[in-house]
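Visitor: Please model the entire structure based on the sequences and the hints provided.
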Amino acid sequence: MKVLLVDDNDGFRVSMGAVLEDAGHSVAEAASLGAARVCLEHVAFDVAVLDFHLGDGVGPELVPEIRRRRPGTRVVLMSGSADSGGGGADLTIAKGDDPFTIVQRLEELARRP
Amino acid sequence: LRIPSRLQALRDRLLIDEALSPLRHDLRNKLASVRNAAFYLKRKHDVAPPPDWSADPRVAQMFDVIKGELVAAEALMARQAPPAPSEAASADVAVVAAALCEEIGRVAGVMLVLPRAAAPRARIDGDELAVALYCVVENAVDAGARTITVTVEGNGQDGQIVVDVIDDGGGGADARAFEPGFTTREARLGLGLNVARRIVQRADGALTLTAAPGGTRARLCLPEATA
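Residue numbers (this note's numbering), protein chains in the order written: chain F, 1 to 113; chain U, 1001 to 1227.
Please keep in mind that the hints were generated in silico from the structure rather than gathered at the bench.
It is possible that some hints are incorrect.
[Claimed, not checked] The calculated DSBU-like cross-link candidates involving lysine-lysine, where the alpha carbons are at most 35 Å apart (straight line), are:
hint, chain 1, residue 1, chain 2, residue 2
1, U, 1067, U, 1044
2, U, 1044, F, 2
3, U, 1042, F, 2
4, U, 1030, U, 1042
5, U, 1030, U, 1044
6, U, 1030, F, 2
7, U, 1042, U, 1067
8, U, 1067, F, 2
9, U, 1067, U, 1030
Every value quoted in this text rests on a predicted model; they were computed, and no experiment measured them.
Guide: Here's what the structure looks like:
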């Protein structure tokens, strides 16, 4: 599974990226919406995981762009807040979830027809 | 302007929660990073532990300590978080607005315009709605408003109930209005509009500010309560 992981929190992005790679997946990391857009231009990801609050905007801003430019990419919104809402994503997960569970849910989403 | 005493404790609790919210959010991020890092190291340890680690029983113990403390920290934060709004909560918006305007109107110069027909109930706690309205009115008073008009529309956009608070305070729609800590007055926390917005958002509604002639229009869109 090719995953785009978008989060401006370095610690979370690096640690979650390591967990996903350890589970056998290919991960591209982006620390901003701008960096995510560059990644999306070059790669057709299976799953894009977006943090809610980012330095140059909010994750849900990117959802319609991904739908338009990469309709095959599943979109996941992830946040540390419990009140951030779904934002039109295919899946919403909390950062506090168990990492193993997060990986499982992303894999299930990528397999969904 | 003074908040009615019946709402003060709730408003203060919501202000404290609003002030703590960024800290809670950042802490959750940090805890999640630690959890991921520990998970990664534990997997490496389980698959092929370095010789030093396998000889030391405290290494496994340390993973348990990290896991246990993370669970305890999450539980602590969950205990401090405000309870989720009740699905069954509903309020007669016109009655709530009328009661608040009666209590503070003389001081704040508030005029209330209610719908001719009874408006449907909104899916929100009545006291929380009153606090949200108070915070919006207080913001208008702080902006120097002399006249504030509160209108309740029963059949607003998309079947929602719309409450407009229109003032002549000259504030317009300042992009910084929702920045936590932003205030034009001394001795203010600059969190009132954030409290109001959070209350409304927790009820699946929206609070927006737009410029109105000579001042600001704060619009609260609230979902109708289901029968």
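Visitor: If you draw a straight line from the CA of residue 1030 of chain U to the CA of residue 1042 of chain U, is it 35 Å or shorter?
Guide: Judged against 35 Å, a Cα distance of about 18 Å means the pair holds.
Visitor: Take the C-alpha atoms of residue 1067 of chain U and residue 2 of chain F, compute the straight-line distance between them, and say whether it is at most 35 Å.
Guide: holds, 29 Å
Visitor: For a C-alpha distance cap of 35 Å, please report whether residue 1067 of chain U and residue 1030 of chain U respect it.
Guide: holds, 14 Å
Visitor: For residue 1044 of chain U and residue 2 of chain F, compute the direct alpha-carbon distance and say whether it is at most 35 Å.
Guide: Given pair residue 1044 of chain U, residue 2 of chain F holds - Cα atoms ~22 Å apart, limit 35 Å.
Visitor: For a C-alpha distance cap of 35 Å, please report whether residue 1030 of chain U and residue 1044 of chain U respect it.
Guide: holds, 21 Å
Visitor: Run the distance test for residue 1067 of chain U versus residue 1044 of chain U: straight-line Cα separation, threshold 35 Å.
Guide: holds, 16 Å
Visitor: Given the proposed pairing of residue 1042 of chain U with residue 2 of chain F, does the C-alpha separation stay at or below 35 Å?
Guide: Roughly 24 Å between the alpha carbons, so the hint for residue 1042 of chain U and residue 2 of chain F holds.
Visitor: Is the hinted pair residue 1030 of chain U and residue 2 of chain F satisfied, with a Cα-Cα distance of at most 35 Å?
Guide: holds, 25 Å
Visitor: Given the hinted pair residue 1042 of chain U and residue 1067 of chain U, is their alpha-carbon gap at most 35 Å?
Guide: holds, 11 Å
When held up to the earlier numbered hints, the structure conflicts with none and fits them all.
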